[in-house]
Amino acid sequence: MLNRTIAPDFIQVNEINFIKPQAQQLDNGIKVFTVNAGQQELVRIEFIFQNVNYDQNKPLQAVSVNSLINNGTKTLSAKQIAEQVDYYGAYLQTDYGADQTAITLHSLNKHLVSVLPIIWSILNESIFPQHELDIFIQNQKQKLKVNLQKNDFLARKTFANTIFGETAYGSDISMSHYDDLKRDDLLAYFKAAFKPENCTIIAAGKFEAKEFDLLNQFFGKSWENHNPSTVNKFDYSPIAGSDVYIEKADAVQSAIRMGNLTINRKHEDFAKLQIVNTLLGGYFGSRLMANIREDKGYTYGIG
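Residue numbers (my numbering): 5 to 307.
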């Protein structure tokens, strides 16, 4: 029996061999990257969409669509979607970033034939019910109200807006932006962004030929949407150094945020910079955290 009171021997890692994904295409041209490496009858399928048609007067369209996309379709209510996904032991999650939106499915292989039609309905027939939108607006405004009382949130929000301006990376979101959300705008964005030519699929797990055929059956043949759209692209230039102060009455602590533009992920040194940044302040045992907590004895957070 393994004795967990004894630490394992230290071993130098000299080489890491990553499994290379296989590049394929569905019949309608959707790119699919698969990693067939699982032993258990499980798969993870991620549908990735580029964010499009950014409008600085409507900065919440993409994130709102992502949050509400599984809250009702022409044939399924939000409750029915949740119940059916749960019935088959599957898990559905949505993720939003400034560049991309993703919908990820975790499912047993044997239930894919039952779960994929639900995903098809979500990606083709979402209707964004008004009552679901109203609840979303109310909840998000309350979250924003709470966050606006936090120094670190104010610092992060102001920093992003100072560096990136009125773009998806730095938009200065306010209560009025939530009040301006309209169901028709969400439907228009949904039709512009969620279409085959704007989709990339990544599948991992025990993903073999029969699973690919199922994916092609549901998303490579009957998915048609040719609404025009333009993928978001923002250009930035380093800005001159400046100090921005935010006065907050009755604050017992301060939050300080410093930085500027640097290289992007396409640069050859991006991975090296990530490692250096992590060592400096990217986790609890980083150099900066160790300095203020272990050396200085402070209980603050730094990263």
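Read the hints as simulated data drawn from the structure, not as lab findings.
Mixed in with the good hints there might be a few duds.
[As the list claims (entries may be wrong)] Here are the simulated EDC-like cross-link-like pairs (lysine to aspartate or glutamate), alpha carbons at most 20 Å apart as the crow flies: (1) 62 to 156; (2) 186 to 50; (3) 237 to 176; (4) 252 to 156; (5) 270 to 247; (6) 145 to 156; (7) 62 to 189; (8) 214 to 50; (9) 35 to 184; (10) 186 to 217; (11) 225 to 59; (12) 161 to 247; (13) 147 to 184; (14) 147 to 129; (15) 35 to 19; (16) 237 to 201; (17) 225 to 129; (18) 149 to 176; (19) 161 to 103; (20) 154 to 184; (21) 195 to 247; (22) 161 to 138; (23) 83 to 156.
[Unchecked claim] Now the in silico label distances, taken between C-beta atoms and shown as ranges: (24) 169 to 307: 20 to 26 Å; (25) 291 to 48: 31 to 37 Å; (26) 14 to 142: 50 to 56 Å; (27) 264 to 6: 45 to 51 Å; (28) 150 to 37: 23 to 29 Å; (29) 288 to 99: 38 to 44 Å.
We put the beta carbon where it would ideally sit given N, CA and C, even for glycine.
Within a Cα-Cα threshold of 20 Å, do residue 147 and residue 129 meet the stated pairing? Between residue 147 and residue 129 the Cα gap is close to 29 Å, so the pair fails against 20 Å, i.e. violated.
Keeping to a limit of 20 Å between CA atoms, is the pair of residue 145 and residue 156 held or broken? At roughly 18 Å apart (the allowed maximum being 20 Å), residue 156 and residue 145 satisfy the hint.
Is the Cα-Cα distance between residue 270 and residue 247 20 Å or less? violated, 30 Å
Against the range 38 to 44 Å, how does the distance between the Cβ atoms of residue 288 and residue 99 compare: consistent or not? Distance hint for residue 288, residue 99 is violated at roughly 24 Å.
Hint consistency between residue 225 and residue 59 [alpha-carbon to alpha-carbon, up to 20 Å]: Answer violated: residue 225 to residue 59 is near 32 Å, above 20 Å.
For the pair supplied as a hint, residue 252 and residue 156, is the alpha-carbon distance within the 20 Å limit? OK: residue 252 and residue 156 at ~12 Å, within 20 Å.
Proposed proximity, residue 138 with residue 161 (alpha carbon, max 20 Å): Violated, because 25 Å separates the two Cα atoms, which is more than 20 Å.
Range hint 23 to 29 Å (beta carbons of residue 150 and residue 37) holds or violated: violated, 39 Å
Take a quick look at whether residue 237 and residue 201 sit within 20 Å of each other, Cα to Cα. holds, 17 Å
Are residue 147 and residue 184 close enough, with their CA atoms no more than 20 Å apart? holds, 17 Å
Between residue 83 and residue 156, is the straight-line Cα distance small enough, at 20 Å or below? It is violated: about 36 Å lies between the C-alpha atoms, which goes past 20 Å.
Residue 214 and residue 50 were given as a pair; does the straight-line alpha-carbon distance stay at or below 20 Å? holds, 17 Å
Hints 1, 2, 5, 9, 10, 11, 14, 15, 20, 21, 22, 23, 28 and 29 from the list above are not met by this structure, while the remaining hints are.
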